[in-house]
Amino acid sequence: MLGVAVVLLMSLAAIFARPIVVAGIPIQPFGLAPHDPGTILYLGADPSAGIYDPPSTDYPMGTDNSGRDLFSRVVYGGRYSISIGFIVIAINGTIGAVYGAVSGYYGGWVDEIMMRIVDTIFAFPFLILALIIVAVLGSSYWNLVLAFTLFGWAGYGRLVRGEVLSIKENEYVLAAKALGAKDRTVIFKHIIPNAMPPLLVLATLGIGTTVIGVAALGFLGLGLGPGTAEWGTMLDATRETLIQGPEGQIPWWATVFPGGAIFLFVMAMNLIGDGVNDALDAQETGIGSQGGGA
Amino acid sequence: MAEDDNTPARRINRRRLLQGMGAAGVIGVAGCLDGNGDDDPGDDAADDAADDVDTDDDDDDDDEPADLSGIQEGGTLRIGVGANIDSFDPPYSTDTTSSSAQFFIFESLVASDTQGNYYPWLAESYELVETNDIDRTAYEEYMVSVAADEEGVLDAEGQIIVQHPEDDPIEEDEVRILTTEEAAEAVEDGTFGMQYRYELREGIEFHNGEELTAEHVVETARRYEGSDVSAQTFDSVLYVEEEDEYTVSIYAQVPDAEGEGQLPGFYIHSLEQAELEGGEVDPRQGNTPIGTGPYELVDFEDEQFAEYEKFDGYWLEEMGVDSLDWFEGDDEFPDGPVIDEIELEIIPDDSTRAGALQNDEIDVTSGLATATLDDFDASDDFIVETTETGGYTYIQYPANVEPWDDERLRQAVNHLVPREAIVENVLNGWGRPAWTDIPELAEESGTADAEALEERIRPLNEHDPERAEELIEEVEADGVEFPIEVQLETNSDNDDRVQLVELIAASMEESGYFETSVETYEWNTYTERVLNPEYGQEGHIACIGLSGTFNPESFCDALHNTANIGQCCNLQAISDPEFDEMVDAARFDIDVVDDDELRAERYDEIWDLLAERRYSSITHFGLTDAIMSNRVQNFSTHPFPESMYSFALHAPTEEQVIWMDDDEDDDE
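Chains as they are written, first to last, in the numbering used here: chain B, 822 to 1115; chain D, 608 to 1275.
A couple of the hints might just be wrong.
Claimed, not checked - From chain B, some residues computed to sit far from chain D (all C-beta separations above 10 angstroms):
hint	residue
1	Leu833
2	Leu853
3	Val931
4	Ile934
5	Arg937
6	Phe945
7	Ile954
8	Asn964
9	Ala999
10	Pro1014
11	Phe1084
12	Leu1092
13	Ala1100
To be verified - Pair by pair, the computed Cβ-Cβ distance ranges are:
hint	chain 1	residue 1	chain 2	residue 2	range
14	D	Glu1092	B	Phe837	24 to 30 angstroms
15	B	Ser904	D	Asp1071	36 to 42 angstroms
16	B	Pro881	D	Gly1173	48 to 54 angstroms
None of these hints come from the bench; they were simulated from the model. Heads up, the beta-carbon is just placed ideally off N, CA and C, and yes, glycines get one too.
Sequences are here, hints too, so could you generate the full structure?
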């Protein structure tokens, strides 16, 4: 429950961080974050603000390398990381479920070919593949989503396929087939719903993995554009401060807060994953130990 | 010249792109692209110069004569450089790091000091023999016709020295040109703009034992034909002629106010290597570079390091520094560099270089993030030396794309460029806002009255959102819709430059009239992108650094001359015939060759024109910086980063010499 609370809190904070306006109509008027994440304070909002100002009452998390309010950026940054995490997992889960169900249900050479494709995908390090995709296509929000979904569904496909292999032998499936139900009906009405529990657990853990992956690409300078308030990109911007000149002070707040946000969110998602796993009978799904690192 | 900071690039023709912020060039060249704003500047050196603008908190004592009595001979200088040495082949490289690696080995006929004065070097003396008042049409009778294809590419073999100014290769099927062969005929008939005659020193030995003769100069010039720097070389050079074994004449196409520095800009090759194909004077191609310089390359590992050792037969040590007629320095001043070995360690990441310096893995480096400079400056164990360079950073607007073709819009954005905030907050004070388009080192020949120029131009370059709004409202009244979406671009490997672009983008966004995004690219990808002639049609605002020289032309010509489209660094394909004509008249005109005042006035007109048309906004002028351990004694910086180390090691022009004080550190 703690995990759910943290994720909910962070998600709500991100949504309500700044007003959301679509086509000129405000659909979310609240603004929890005191400043726009892109506002360079010394340009007008607060000429006395500098770069790398330490945390203070005005700026509880200090300011970053361009003199922007870190608190606003960390809160707002959830919009990128969290939304990409959920979108990617929704897409991966859907593709993986259908792919795995088809593969497992039909079996034979269909299964053979489909699983060899999955094996091929598994032969490449996933983050490197994502990195190549972003490097080739350029960095943007939807390119990141593409990078994590183009091959990211493979694990889900394999998991569902394994489930389907056992589900399809169940009597209710055999009965449906005997009654003349179409394959499509059997797959979507009987098989996939029954393969959902392990898929849900993997998907929950996968959100955390994706958020870390997005942050990793951001840290490597391949995520969103520089200056974007995405957590990994924020860490990248402060990377050079880690080696200071003689007696130089590291502005710890510039790395600790965005890094802490990543940690907190991923930790919370892992807790939720464990919780879901327990609730859905971990022994059956047997994937409770996965998740985490990209 | 343009140079790129750390990086760079090929095909950039004598200019150097600065990956970093500093920049400029050595003799005779014009510009280098600079990628990193702080790192590496340009290449040629030369012209007039700079008094070093020390940043206020510097503890240098440049004005006091150095005490040479403590000189210690021997030792190794370990230099951390921020980019790989792309080439050891002088005419086939345009980036500052490569140039600085070459300058230990290669030398020119003429040397310059940090003020832009010229001194005979490999030449014992030189003189301006003759100047003729001609323009390029004077070569008409010597020209040959060659076919031009639809894209204007000429079917010519060899270097095109002059193209008939009235022929347009795109419009016409045939174009009249002058190549080296016809240039020789023209010179024989007495048709040329200027003639400089150089008397070479006798007895100068190359690293391979050859003795320098006029033939070396002629063959070197031949190797510059068709090279990466051919455009910058042969915009002025007409022909190089051997008069006798130790006398050579270099002819200019037309009277050239920069002729003294530009014409002898060749780095003299040995005959053994003058025959090599472009790019082959390089250990990666199996050829150790051979020059007349004080050091020989002994080892090189690509992307890792280069090692040099003193050359035993260095001509200046053999002849003695007193053999330089113009030298009037201290008797104790050594005849050559006193440090025995140089190691160039290639360390691209600036924070890694900062760490290496603190861990005593290197003795000196440059191009560190400005945020760390204050720490080094405050420490007793390190010394920070700086000089204002000709290096500058600019953004260029897509002036051929609507609505950016409206100069009021460009002027408005120029008023949104917060130059002071850039220097204060992004560069931590290590730079100077570009209130005019020229830095101090080019003011002598670039303006009749620097103060009046600043008074006139500065109000047009101030951060003034209100004035920007007025201008934008005028544009809006003419039917342009706001907000305008625009992408600002720069290279990703220069943190300061990325922050600078983010700051400009934020300032534009704050006005409410623009929706901006910032995109960054790896240096090589970026230079390839922005040097593509089609880039100007994409509608992005590009930011890059360039290395200028003492020649004021280097602060406007490279950016805006039609001839530099697709070259360094007219990124947005700006073509303004009025500007082209003015910039030509400020250099290639007999009137300005003899009249410095007139020349300066013509440049003033150019700055006024550019302030009005505002194709580009120069944001600031950088500093050449060197950060070193206190074992390095008597270091003094040069305004052009590529010349910094070769100058510091030994430069009789200013009695500059460095040595390693091993008493400071017993570990070594």
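Self-check item: B:Leu1092 and chain D, when compared Cβ to Cβ, separated by more than 10 angstroms
Solution: holds, 35 angstroms
Quiz item: Is it the case that B:Val931 keeps its Cβ farther than 10 angstroms from each residue Cβ in chain D?
Solution: holds, 42 angstroms
Quiz item: Just checking, B:Ala999 versus chain D, shortest CB gap more than 10 angstroms?
Solution: holds, 59 angstroms
Exercise. Check the non-interface label on B:Phe945: least C-beta distance to chain D beyond 10 angstroms or not.
Key: holds, 22 angstroms
Self-check item: Reported absence of B:Ile954 from the contact zone with chain D (all CB gaps over 10 angstroms)
Solution: At roughly 16 angstroms from the nearest Cβ of chain D, B:Ile954 sits farther out than 10 angstroms, so the non-interface label holds.
Exercise. Check the non-interface label on B:Ile934: least C-beta distance to chain D beyond 10 angstroms or not.
Key: Correct as stated: the minimum Cβ-Cβ distance to chain D is 38 angstroms, above 10 angstroms.
Exercise. Say whether it holds or is violated: B:Pro1014 keeps its Cβ farther than 10 angstroms from all Cβ of chain D.
Key: holds, 43 angstroms
Quiz item: Is it the case that B:Leu853 keeps its Cβ farther than 10 angstroms from each residue Cβ in chain D?
Solution: holds, 21 angstroms
Quiz prompt | 48 to 54 angstroms as the expected CB spacing between D:Gly1173 and B:Pro881, which holds or is violated | solution = holds, 51 angstroms
Self-check item: Assertion that B:Phe1084 lies outside the chain D interface [Cβ separation over 10 angstroms]
Solution: Label holds. Min Cβ-Cβ 23 angstroms, cutoff 10 angstroms.
Exercise. May I ask you to check that B:Arg937 keeps its beta-carbon over 10 angstroms from the closest beta-carbon of chain D?
Key: Consistent with the label, B:Arg937 stays out of reach of chain D, its closest Cβ about 35 angstroms off (over 10 angstroms).
Quiz prompt | Outside-interface status for B:Ala1100 - nearest CB in chain D farther than 10 angstroms | solution = holds, 43 angstroms
Figure legend: structure checked against the earlier numbered hints; every hint is met.
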